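J.: Here is what each chain is made of, one letter per residue.
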Amino acid sequence: MVGEAVAEPSPSNRGALPTGFGALDEALRTGGWPRGSLALLDAPRGAGATSLAIGSLAAAQEAGGIVAWIDAAGCLDAATAERLGIQLEWLLVVKPTSPLEAVELAGWLARSGLVDAMALDLGESPDQAGGNGLVAGLDRLGKLLVRGRSVALLLTGEWLRAAVARVAAVRLALEREAWLAVGRDLVGQRIRATVTRHRWALAGETASLDLWFGEGRRIDALLPPLAVPREAAPALAPVAVATAVAETEPEEQPDLRILSA
Amino acid sequence: MTRILALIWPTLRTAPASHAGHAAHRAPADAPAEAESSVDVPAMLDRLDDLSPRVEAVDRGVALVDVTGLGPSLGDERRIATRAVAMVREVATLPVRAGVGENRWLAVLAARLALTARPDPAVSVAFHAFPDGLEATRAVLASLPLVLLPADPDTRQRFALFGLTTMGELAALPRSAVGAQFGVSGERLQALARGEDPRPLTPRRRPERLTRRVTFEPPVEGVGGTALVLRRACAELCDALKLRHLAPGRAILTIDLEDAPALTVELTFPEPALEPDWIARLLIGRMEAASRTRHLRATSPEGEEEARVVAIGLAFDRLSDPAARQLPAFQAQAGRWEELRWSLERLATRFGEGRLWRASTERPNASLPERQAGLRSVGGDREDET
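Read top to bottom, the protein sequences are chains A and B. Using the working numbering, read the first sequence as starting at 1 and increasing by one per residue. Using the working numbering, read the second sequence as starting at 1 and increasing by one per residue.
Treat the hints as calculated values from the structure; they're not laboratory data. Be aware that one or more of the hints could be misleading.
[Unchecked claim] Chain B side only, calculated, beta carbon under 7 angstroms to chain A, not exhaustive:
1. L201
2. L347
3. A359
Note that the coordinates shown come from a computational prediction; the quantities given were computed from them, not determined experimentally. Positions of the beta carbon are idealized from the N, C-alpha and C atoms, including for glycine.
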């Protein structure tokens, strides 16, 4: 029929997987991660991308789904994931030998249609990257996902972010707003999540997320009212400065003790 | 007239030592537990199927075979029993004892009494048979002690209080008197003491197995060279099953080698599968891995070369209707995980082992968090722990 648009997958007929954070679900305007999407969590190190991914996988499990963690970076600690809300029984851990293989395995899982959500952690180091092959693989993964109902959350370092940004259906920029502290103890961090790209909805919305160390979303009910936002970059203690200078990267080092992290 | 052969081996839990009054009637000491667990009972029963179509597995340590009418073709009962014991011993070298009687109770009792025949050097198998006819059998039973009856301790004590020590004494009492004193169970024991057992032998249904065997003439170099034939064998068996709306749950591949022991690869499917291509690929993957592990290489004057394959045998069993498969209930993920396992099998074949893992809480109270959870390999026919 003339004038009729080609049936583009829309949020209404795709459905969505909850992110585990109500504010983010609203910001995405699709009620969560749209099914069949490759979502890039664009965040510097320590800005909560891994916690957000684990929280999203836990929420998918609560909705009756099976999830996978494709661990090309080799950073997943199952015990920590469990503490953050993941049911290990329904978690498939994939350990590929290279980022390229990780993308290929993700494609297979997406094609099976039996995994609802997967986190694809490609790590920080570009040593084993297959260059253009990796981006092409991710492009292919994105197309496979669109045909299915799985959601892939992509965690990667700066080396790949720019290249991946154009193949991701959803891009979420994460930035730390503040530490959350109770007294002198750091108990979490407040993250500002900005939807910078969305294939099926209007981008630009932001959400403020509180990520609690150690306990994920299953936090003590008493903790949030007690927590006070602090400066995002607290001053370094003298001793910490001495050791931190010797390190390669002057990362933010709060002078506070971290509880149960 | 029915004749039943009972075979018992040491896993049988006989009467406790305190109940065994006569040393001659006491069962021999049980074999070590590891021997018990290693006995392949289904394979033993499969062998006995060749003797008679009516075989019943009563317990892990007792099998009954209906040998009625086998005399003209196989010889007397002792010869039949010797043959049956030899068949069982081909699967597991166990001290099997054999007994023959008119019903299942008499057959098992005869097998228990077979120990008395053991000292006879002319007899290779511990064997005992009750004579034909109930009257003759009762005459033999009459002198046997009551401890041989499957009675509970209280009943045994009451028998002793009444001065009953042999089966003949119990059998001679009026049935109504036994019922009044010992109840229904007493009546049942009296019937056994009289050599009566109404329970029929219920033959087991022989598990179906489809097999295909291909012989190579001349032998093929290396296990890899058999892949094409294996694919064709898988396709043929799957086609045969497809017509009957059945699918195998397990595939067993046996590779006969020229200068090395046979290689057996077993593959249990996560669900009944009728995909010959994937079954063949999984079997080939396992076969090559097994051959690497076994270092199947022969040394020839020209140097080291791969072992030559003489024949391959493929068997499909655990047949079931794939449409009638019951998935685990109550957990949303359980059924889908079973389906996923099949995909993981394929992934493991495509990418190799060690890629796919499943996490589980191993030691929740471990002091170090990294020791609380562990990973188990999935995607193969086993789940390895790390």
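J.: Each hint should be assessed against the structure and marked as holding or not.
T.: To see whether the hints hold, each was checked on the structure:
At a threshold of 7 angstroms, the smallest CB-CB gap from B:L201 to chain A is about 45 angstroms, leaving the interface hint violated. With its C-beta approaching chain A no nearer than about 6 angstroms, B:L347 sits inside the 7 angstroms limit, and its interface hint holds. Hint on B:A359 holds. Least Cβ distance to chain A is approximately 4 angstroms, under the 7 angstroms limit.
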